[in-house]
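Student: Here are the chains, one letter per residue:
Number of protein chains: 2
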Amino acid sequence: MTVPEVSDRLPVALDAVGGDFGAPPLVEGAVQAARAGVKVLLVGDRVRLHAELGRYEDSASLPLEIVDAPDVIGMDEHASDVRGRREASINVANGLVKEGRASAVVSMGHSGASMASSLLTLGRLKGVDRPAILAHLPSKTGFVTLLDVGANADVKPAYLAQWAQLASTYLSVVEDKASPSVGLLSIGEEDHKGNALTLEAHALLRQMPGLNFHGNVEGRDILKGTTDIVVTDGFTGNIVLKLAEGEAKVLFGWVRDALSSSLLSKAGALLVRGALRGVAARLDPSTYGASLLIGVKGLSYIGHGSADARAVKNALLRADRAYQSRLIERLTVAMTGQA
Amino acid sequence: MTVPEVSDRLPVALDAVGGDFGAPPLVEGAVQAARAGVKVLLVGDRVRLHAELGRYEDSASLPLEIVDAPDVIGMDEHASDVRGRREASINVANGLVKEGRASAVVSMGHSGASMASSLLTLGRLKGVDRPAILAHLPSKTGFVTLLDVGANADVKPAYLAQWAQLASTYLSVVEDKASPSVGLLSIGEEDHKGNALTLEAHALLRQMPGLNFHGNVEGRDILKGTTDIVVTDGFTGNIVLKLAEGEAKVLFGWVRDALSSSLLSKAGALLVRGALRGVAARLDPSTYGASLLIGVKGLSYIGHGSADARAVKNALLRADRAYQSRLIERLTVAMTGQA
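These protein sequences, in sequence, are chains X and E. Residue numbering for the first sequence follows the working numbering, beginning at 1 and increasing consecutively. Residue numbering for the second sequence follows the working numbering, beginning at 1001 and increasing consecutively.
Read the hints as simulated data drawn from the structure, not as lab findings. Be aware that a few hints might be false.
Not close to chain X: a few residues of chain E, all C-beta gaps over 10 angstroms, as computed [unchecked claim]:
#	residue
1	R1048
2	H1050
3	S1059
4	A1060
5	P1070
6	A1158
7	E1218
8	T1287
Pairwise CB distance ranges (calculated) [stated by the list, open to error]:
#	chain 1	residue 1	chain 2	residue 2	range
9	E	G1305	X	P63	56 to 66 angstroms
10	X	K266	E	D1176	34 to 44 angstroms
11	E	R1310	X	R55	36 to 46 angstroms
12	E	L1120	X	K266	50 to 60 angstroms
13	X	D176	E	E1189	35 to 45 angstroms
14	E	D1176	X	A36	53 to 63 angstroms
15	X	K266	E	T1287	21 to 31 angstroms
16	E	P1024	X	A36	54 to 64 angstroms
17	X	A36	E	E1189	49 to 59 angstroms
Computed from a predicted model, the values in this text were never measured in an experiment. All residues carry an ideal CB built from backbone N, CA and C; glycine is no exception.
Based on the provided sequences and hints, a complete structural model is requested.
Tutor: See below:
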């Protein structure tokens, strides 16, 4: 492989109009990323985006460009509506990646539509039957990588094996983790415990050369960080992700209530507030910004519709870094043995 | 239905030798339950149990009896080993329920073996294809009832519908909750979101007369208490249960670390300690003691192998209360329309 010097400076395409709050947090995040040196193409209605950009005094001097896309897929439309909507921001953004004019696409809009658009526009990597959504969760050991968190509700054992390989390559490339360990999410540590899907997947994973397969892991292992990667179907993974986020909120609510339950605890709360803020920051989903749709022929990041500017910025930074480390080329090699 | 006055005083059968720590915590829990007025049959090796009981000065005056069972299923044996082991404590305990000599069986031993023993000895209720394990999780609204948490890794849509009915009856009988709401765990609130299993189950649940079906719930809804009951397959449910318990441990570890991270936070920690202890107590799994194997023809409670005396006591109290409220008769009526 030769070093693609010029393309190292390709911009990241941001769907700058999709999401729960429209352009404002998206443009703000892009401005922050641009200030940090990342080039960004803002894709969406040109007039709206110019108006939004105008709010930032330094915007003219930043590596930001607007790419017009008059249409947008609303949060309440169907994912399949993405077909044939050529001028929809998410389709234009994916097109830029396909044409080699952008390094990656980042979307905080309709998740299903973003997924469909990337799949239809970019296609799948060779050796990948179904792309998966890869997310990070804060864990005892830093973070744990979980996939699939929602792209595929019904899966086959071979998908799980492919995802294990993709995630393993991803972590070694992007996070410099040598030989990351992979756990198969199941209902018992023993090899023979699980459902029909995991029992078959377990057998496949055991045979994969070069994969650091730990074996089955249980629900309690996920945040304990027993393995670097946890592989599961998109139904279970989605529930795990949302339960983990939801539980953190409920538990912190209880801690907050407890700290204001008496004069004594209120006084103590003043002293521990700073320390607890560190814990809350650790749990903040905007740290990662967005999840990677892994398995498509291009970098595609999909985040929460409610993403704030910090999440947008972090997603753009991650996308840029993944491109710099040639993630797609490395995944291609891993899945097919060819560059 | 006539009131079974005599049998109201039936004892609960406890497998008093199964579990990670053998007889000591089990006998201690039984002694505590007996002091609270619950009759208990301690099932296991007579000599060991007499020795253990001898440690409690008041044991002779308590409503405790020993039933000899020379054999025990070890924690590392296979669930199927329960077949043909007539003298194994768990089989003897289930036999006491079957013969009408005990009101319920409580086991902290090998979960798979306990489940198999109850299923083989007691049989299924009419209208129930597969019994499920019903557990309670602490939630924002008090607690949420979740099933199946591990009895069935692969399930059919009809099982989920039956479990919804069983759990609904259970909550109205045992917790006096009128028309408890039922959520189907899925990956989107909309009716059309889910996997093949939940889509079919959703349609079945929608048609059930008398069931307060809320619709789909997501991972984040579980601890929020969106519904009183969450129904799911035993694979997903087991992962949910263990993740929820595991996350609570990890988060409290972080809070603990944060509170001892500086002199300031250490000082504050002294003041908030009492308040936080309340939160920890809320999350303590021993509050519920054990989970109910619902759908078998008799009361069968199955708890953690690592259960402490408090968990054992609470499980015995719950079993006794469920018997007093004629749970099995009420479930029979609910599933077949006959007493």
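Student: Are the hints correct? Go through all of them and say.
Tutor: A quick look at each hint next to the structure:
1. R1048: 29 angstroms, holds
2. H1050: Label holds. Min Cβ-Cβ 35 angstroms, cutoff 10 angstroms.
3. S1059: 36 angstroms, holds
4. A1060: 41 angstroms, holds
5. P1070: P1070/E is indeed farther than 10 angstroms from all Cβ atoms of chain X, at 28 angstroms.
6. A1158: At roughly 17 angstroms from the nearest Cβ of chain X, A1158/E sits farther out than 10 angstroms, so the non-interface label holds.
7. E1218: E1218/E not clear of chain X: closest Cβ-Cβ about 5 angstroms, inside 10 angstroms.
8. T1287: 15 angstroms, holds
9. G1305/E with P63/X: 56 to 66 angstroms: 59 angstroms, holds
10. K266/X with D1176/E: 34 to 44 angstroms: With Cβ atoms ~36 angstroms apart, the hint holds.
11. R1310/E with R55/X: 36 to 46 angstroms: 59 angstroms, violated
12. L1120/E with K266/X: 50 to 60 angstroms: 56 angstroms, holds
13. D176/X with E1189/E: 35 to 45 angstroms: Once the Cβ atoms are compared, 39 angstroms apart, the range 35 to 45 angstroms for E1189/E and D176/X holds.
14. D1176/E with A36/X: 53 to 63 angstroms: The hint (53 to 63 angstroms, Cβ to Cβ) holds, given that D1176/E and A36/X are roughly 58 angstroms apart.
15. K266/X with T1287/E: 21 to 31 angstroms: About 27 angstroms separates the Cβ atoms of K266/X and T1287/E, which means 21 to 31 angstroms holds.
16. P1024/E with A36/X: 54 to 64 angstroms: The hinted range 54 to 64 angstroms holds for P1024/E and A36/X, with Cβ atoms some 60 angstroms apart.
17. A36/X with E1189/E: 49 to 59 angstroms: 36 angstroms, violated
The structure does not agree with the numbered hints 7, 11 and 17 stated previously, though it agrees with the rest.
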